[in-house]
Structure formats: structure tokens, C-alpha cells
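In order, the protein sequences belong to chains V and X. What the first sequence shows, in numbering that gives the first Met the number 0, is residues 0 to 120, in sequence order. What the second sequence shows, in numbering that gives the first Met the number 0, is residues 0 to 388, in sequence order.
Don't take every hint at face value.
Unchecked claim - These stretches of chain X come out as covered by chain V in the derived footprint (C-beta under 8 Å, 3 or more residues):
#, region
1, 70–79
2, 196–206
3, 209–217
In short, the hints are calculated from the structure, not lab data. Computed from a prediction, not measured in an experiment: that's the story for all the values here. The beta-carbon is built from N, C-alpha and C at its ideal position, and this holds for glycine as well.
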Amino acid sequence: MTIDKPWQTPDAVTLRAIPGVLGVYEIADADGQLLLIGFAGGREPFGLRSKIGGHFSDDEFNPVLRERAAQFRWESNQQYTTRRLEMLMRYLDEHHDDWPAGNAAGGWEDRPTLGRLRRSK
Amino acid sequence: MDIYLTEEQTMITQAVRRFVREEIRPLERDLDPDAVELAPGEADRLREIVRGMGLYNMDVPEEYGGPGIDLTTRALIAEELAQHRAGLYLPCYGVFGSAGLVQLYAGNDEQKERYLFPMLKGEKRGFFGLTEPSGGSDPARSIQTRAIKDGDDWVINGAKLFISGADKADFGLIFARTDPEQGRKGITCFIVDTDTPGFEVRRVVHTLRSGNYGTELSLDDVRVPPENVLGGEGEGFSLANTALTRQRVPYSAACIGVAVAAQELAIEYAKQRETFGAPLATRQAVQWMIVDNEIDIRTGRLLYLQAASKAEHDEPFRFEAAMAKLICSEGAGRVVDRAIQVHGGIGVTKDLPLERWYRELRIRRIGEGPSEVQRVIMARDLLSIRSGS
Numbered sequence: 000m001t002i003d004k005p006w007q008t009p010d011a012v013t014l015r016a017i018p019g020v021l022g023v024y025e026i027a028d029a030d031g032q033l034l035l036i037g038f039a040g041g042r043e044p045f046g047l048r049s050k051i052g053g054h055f056s057d058d059e060f061n062p063v064l065r066e067r068a069a070q071f072r073w074e075s076n077q078q079y080t081t082r083r084l085e086m087l088m089r090y091l092d093e094h095h096d097d098w099p100a101g102n103a104a105g106g107w108e109d110r111p112t113l114g115r116l117r118r119s120k
Numbered sequence: 000m001d002i003y004l005t006e007e008q009t010m011i012t013q014a015v016r017r018f019v020r021e022e023i024r025p026l027e028r029d030l031d032p033d034a035v036e037l038a039p040g041e042a043d044r045l046r047e048i049v050r051g052m053g054l055y056n057m058d059v060p061e062e063y064g065g066p067g068i069d070l071t072t073r074a075l076i077a078e079e080l081a082q083h084r085a086g087l088y089l090p091c092y093g094v095f096g097s098a099g100l101v102q103l104y105a106g107n108d109e110q111k112e113r114y115l116f117p118m119l120k121g122e123k124r125g126f127f128g129l130t131e132p133s134g135g136s137d138p139a140r141s142i143q144t145r146a147i148k149d150g151d152d153w154v155i156n157g158a159k160l161f162i163s164g165a166d167k168a169d170f171g172l173i174f175a176r177t178d179p180e181q182g183r184k185g186i187t188c189f190i191v192d193t194d195t196p197g198f199e200v201r202r203v204v205h206t207l208r209s210g211n212y213g214t215e216l217s218l219d220d221v222r223v224p225p226e227n228v229l230g231g232e233g234e235g236f237s238l239a240n241t242a243l244t245r246q247r248v249p250y251s252a253a254c255i256g257v258a259v260a261a262q263e264l265a266i267e268y269a270k271q272r273e274t275f276g277a278p279l280a281t282r283q284a285v286q287w288m289i290v291d292n293e294i295d296i297r298t299g300r301l302l303y304l305q306a307a308s309k310a311e312h313d314e315p316f317r318f319e320a321a322m323a324k325l326i327c328s329e330g331a332g333r334v335v336d337r338a339i340q341v342h343g344g345i346g347v348t349k350d351l352p353l354e355r356w357y358r359e360l361r362i363r364r365i366g367e368g369p370s371e372v373q374r375v376i377m378a379r380d381l382l383s384i385r386s387g388s
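Could you put together the complete structure from these sequences and hints?
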């Protein structure tokens with residue numbers, strides 16, 4: 000199950016409105032194609048706000064996100080670790096085991112060890 | 000029961016303690032507080048160190064290449080392995096290996112070739128599929144998954160819940176009812192390959208254990224050949240209970256390990272933190288919490304060592320293992336709770352491991368048989384009655 004919320008465009012107002020809490024988020028390009036499934040964990044100074052904001056700042060080093068990131072949406076969630084794993088497993092299940100491009104271009108923490116959901120067709 | 004460790008036990012526990020403190024804890028400073036894995040290179044490096052220590056796959060029986068560690072030493076190791084942030088459910092992030100599914104040792108030669116040996120070599124992974132939405136504490140009555148003979152094959156239909164590792168497994172042990180007229184004798188264990196049509200991992204089940212998860216499975220006309228029956232028709236219940244009593248001993252010890260780590264934090268903090276001009280350690284209210292922690296820790300340790308000792312002397316130890324499980328899981332929960340209280344606000348933050356232990360220890364009172372089931376086990380022995388009679 001993906002995050003059931005509309006996409007938001009990053010600007011000073013929308014980014015500042017993100018709460019500083021733990022949770023998961025998705026980043027997409029302008030066409031709504033999902034690029035990254037990520038989480039804001041206990042080490043993130045301002046939770047989802049600083050984590051998502053970082054993707055739309057000059058500090059972003061992931062080439063896919065630097066070039067294409069255009070929208071975001073988030074979900075406050077204390078179980079951010081297992082929730083992100085679940086979202087990634089669902090995505091891979093629906094996309095022939097292809098990772099979201101931003102996860103694929105990121106570090107090892109962007110590509111955690113995943114299980115496999117086998118869904119009845 | 001001898002409460003003094005042998006020279007070998009002292010050496011092993013000290014080596015494991017050093018490993019946890021010098022190799023694992025430093026890595027956790029950079030990981031997310033709910034992390035479930037190490038960077039790939041780190042895990043490989045640490046696994047090699049563990050192999051060098053002679054403790055890799057320490058739960059594998061000696062006849063299958065394991066190091067042949069006795070239960071007391073194994074429990075003492077479990078206490079040490081748990082003493083880091085992820086240590087309760089992910090001791091040292093798995094770099095000590097595992098014995099896999101102990102039920103497979105009861106398999107026939109062909110089953111061992113196809114499943115056990117690949118599992119021991121790390122080529123295949125398996126899961127244990129017992130608990131169902133209808134319950135887990137009383138599998139003999141609650142299992143509703145049915146297996147019906149169709150020609151030579153069996154066809155399985157049903158659901159399983161809280162199943163760890165099914166999404167990463169190549170096969171699993173599925174316990175299903177093959178004879179509804181028989182209670183315990185009506186349950187059979189099947190080895191099910193996870194690529195069998197009709198087998199589905201439906202969802203991740205999120206719990207307090209935020210770093211790990213169980214899964215929900217559905218089995219829809221899953222066809223299994225007769226050679227995949229493990230241990231014989233109607234033998235599933237006794238197979239499921241294989242080593243269950245034994246496993247409760249290191250399970251209990253791991254709870255005490257976390258309690259020890261929490262107590263260390265509480266003592267350190269109580270000595271350094273000052274309120275109203277004096278360290279917390281000088282306040283009687285804090286001193287009593289520290290002392291109560293130590294009582295819980297030492298009580299639990301004595302009980303798991305007693306259970307291990309009886310097991311090693313080939314004496315019945317079901318009562319002692321149940322008591323150890325109950326006292327260690329509940330006592331460790333109290334220790335972490337008090338340690339948080341000593342710390343005040345910082346105790347509930349993700350800056351410290353206490354909050355993760357607090358959440359995960361709550362599950363420990365339910366997993367591997369809740370406290371109430373442990374009491375039932377003890378009551379049966381004390382009163383010489385069977386449940387329900």
C-alpha cells in the first residue's frame with residue numbers, strides 16, 4: 000500500500016508545513032512517477048521536514064533526485080522502518096523487481112534487504 | 000547447581016562481551032535507532048571474526064558441524080549477545096549465524112539433502128509457520144489450516160499470522176490439520192516451497208517491534224507432494240514442540256542481557272546526573288530502583304541457569320524453563336522501565352536504546368508462550384493435571 004495522499008509541490012510554504020516527526024515519504028517527478036521511497040528516522044534532526052527538505056536542496060547528491068524530483072508526500076509513522084520495507088516490497092512486486100530510480104541510485108541504506116510478497120494474480 | 004562459571008565459559012563470555020562492546024555498539028552509533036541491518040561490508044567482516052572465534056552457527060548440532068556448545072554456555076552467550084540496541088531480537092545483527100529450523104533435523108535423508116543442508120550452508124532460508132489468526136498459544140486446538148489428500152498429493156488451504164521471515168524464505172514449515180477428529184494427533188507438518196502456486200505473503204504485520212516484522216500468509220489450494228510431509232502424518236504437533244522448552248532458556252537469558260545493559264546505563268547516569276546539588280545516585284528513591292533492578296536481573300539469571308543445569312543433567316526442566324521465561328521477560332521489562340525513570344526525559348528519546356528495549360521487551364511477555372501459558376505449564380506440573388481437565 001502506497002501513501003494515500005495527494006502529491007505536493009515543494010516550495011517555502013509546503014516544505015515548512017511538514018511536521019518534524021518520524022515517518023515515511025515518497026518523492027516523484029513532475030509526471031508523478033515515483034523516484035524514491037524513504038524514511039525519516041531517529042537520527043534526523045527535524046524528522047520528515049528536514050529529510051524531505053534536504054532532497055529539494057542543493058545538498059542533495061543523489062543524481063536522480065537532483066535532476067527529476069518535483070513532488071513529495073509523507074506519512075507520519077512510528078513504525079517507519081517496517082512501513083518503508085513494506086512500501087518497497089509492494090513497489091518491487093508491482094514493477095517486476097525494479098527499484099524506484101532514486102533508491103537504485105542511492106546508497107546501501109536506500110536499498111535495504113527486502114523480502115518478497117507473492118500476490119495472487 | 001554450580002553458579003560459578005567454568006574457565007571455558009568465562010573465556011567465551013568475555014570474548015563475546017568484548018565483541019559486542021568493541022564491534023557492534025560503535026557501529027550502532029551511526030545507524031538508525033530502529034536499524035535492522037549493518038552495511039554489507041561490515042556484516043561480512045564481522046562474520047569472519049565470529050568464524051575465527053569458533054562461534055559461527057553455534058546452535059547447529061555437533062554431528063552437523065556445529066561447535067557443540069552446552070545449554071548453560073549457550074544461555075550465557077545469549078545474555079552477552081543481547082547487550083546492544085538491536086540485541087533483543089537481532090543479536091549482533093545475525094553475524095553469529097543460526098541453526099535454522101530445528102525441526103528439519105527430524106527429516107529423512109532426502110529432505111535433509113533438499114532443505115537442511117542448503118539451509119546450513121546459507122543457500123536456502125526457511126520459516127516456521129504455526130500461528131494462525133485463530134490463535135498461537137494453543138495450536139493443537141486453534142489450527143484451522145486444512146490439508147486434504149488429493150491422489151498422492153496434499154492440498155493445503157488456510158492462513159498464518161505473525162510469521163517471521165516468510166517473505167525472504169525459499170521454503171517454510173506449514174502446520175495444517177489433516178484429521179479434524181484428532182486434536183494434537185490431527186496436525187501434520189509440511190515443507191512448502193514458497194514458489195508453489197497458491198502460496199502468498201499477503202502483508203507485513205507492523206508491531207511494537209518496529210525494526211522487524213511478521214507477515215500474514217495465505218494458502219490457497221497449495222499442492223504439496225507426499226515426500227514433503229515432515230515427520231509423518233499426525234506428527235506435526237510434537238514436531239512443533241521440538242526444542243521449544245530448550246529454546247526458552249537462551250530466550251530468557253537474552254531478556255536478562257538487555258536488563259544488564261539498561262542497568263549499566265542507569266547506574267552510569269545516576270552517578271553523573273546531579274539534581275538539587277547532588278548526584279541522583281545519592282537519592283534513596285533512585286538507589287532503590289537500582290537495587291530492584293539488580294534483584295530482577297540476578298533472580299532471572301539464577302532461574303535460567305537452573306533450567307539449563309537441569310537440562311544438562313537430563314532431568315525434566317519444563318517447569319524451570321517456563322519459570323525462567325516468565326520471570327526473565329517480566330523482570331527485564333521492569334528493569335528497563337526503571338532505567339527510563341532514572342533517566343527522566345532523555346530515557347524516552349531515541350538518543351538512547353532504552354525506548355527500543357522498552358517496546359521490544361513488551362513483546363517478550365507474549366512471544367514463545369505468554370506469561371499466562373508459562374503459568375499453565377507450571378500449574379500442570381504442580382497440580383498433576385492437564386489443561387481443561
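Each hint, compared with the structure:
Proximity of the region 70–79 of chain X to chain V, defined as three or more residues with a beta carbon under 8 Å from a beta carbon of that chain, is not established by the 0 residues found. Given as covered by chain V, the region 196–206 of chain X passes the check, having 9 residues with a CB less than 8 Å from a CB of that chain where 3 are the minimum. For the region 209–217 of chain X, the stated coverage by chain V holds: 6 residues have a C-beta nearer than 8 Å to a C-beta of that chain, and at least 3 were required.
The structure is inconsistent with hint 1 alone, although it conforms to all the rest.
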